[in-house]
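Novice: Going by UniProt numbering, the sequence shown opens with residue 1, and the numbers climb by one from there.
Hints listed in this document are in silico derivations from the structure and should not be mistaken for laboratory results. Mixed in with the good hints, there may be bad ones.
The calculated lysine to aspartate or glutamate pairs, modelled on EDC-like cross-linking and capped at a C-alpha distance of 20 angstroms, are [as the list claims (entries may be wrong)]: (1) K121 with E100; (2) K39 with E18; (3) K2 with E37; (4) K81 with E100; (5) K141 with D128; (6) K2 with E79.
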Amino acid sequence: MKFVASRLSSGNKLFPAEIYLEPTGVTIKIPGLFSGETKHFDYDHIASVEIDTPLVGFSSITIFAGGTMMAANGFTKAEVKQIKEGIEKGKTDIKNQQREMAQNQTPTSAVTGNSLADELKKLKDLMDAGVITTEEFEQQKRKMLGQ
């Protein structure tokens, strides 16, 4: 989602500030005549977001992440609130995804203490004894090797 600062606000007459809410983080672009500044903050690195909404005039937003600070002004009160809510939602979504990934991780070997080579040797012995077929052996081997 893209937010563009008003050209009527201070510092945004020619080149207005832009804020992009992306799936992985926030990008703030403060353009200038000869040089500009663009920073991307991942949601999981953002420490806090502060908004300043004066009674009269344009609002500003400041993002703090990993010892870095970036501020942009010239947005409406509704826009800065929407940006802050979007960032908070993004942070929550990333934390939930990380939690789900941690819960869904399974150990590579069902029996701890046995190496992959030991497991493959046991499967080979079962195949040699005629308990499982060659196809079943190959299928289990691929499964164990993660192919």
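Novice: Now, for every hint given, state plainly whether the structure supports it.
Specialist: Each hint tested on the structure:
1. K121 with E100: Violated. K121 to E100 sits at ~34 angstroms, over the 20 angstroms cutoff.
2. K39 with E18: 11 angstroms, holds
3. K2 with E37: 17 angstroms, holds
4. K81 with E100: 28 angstroms, violated
5. K141 with D128: Holds - the C-alpha atoms of D128 and K141 are around 15 angstroms apart, at most 20 angstroms.
6. K2 with E79: Roughly 10 angstroms separates the two Cα atoms, so the pair holds.
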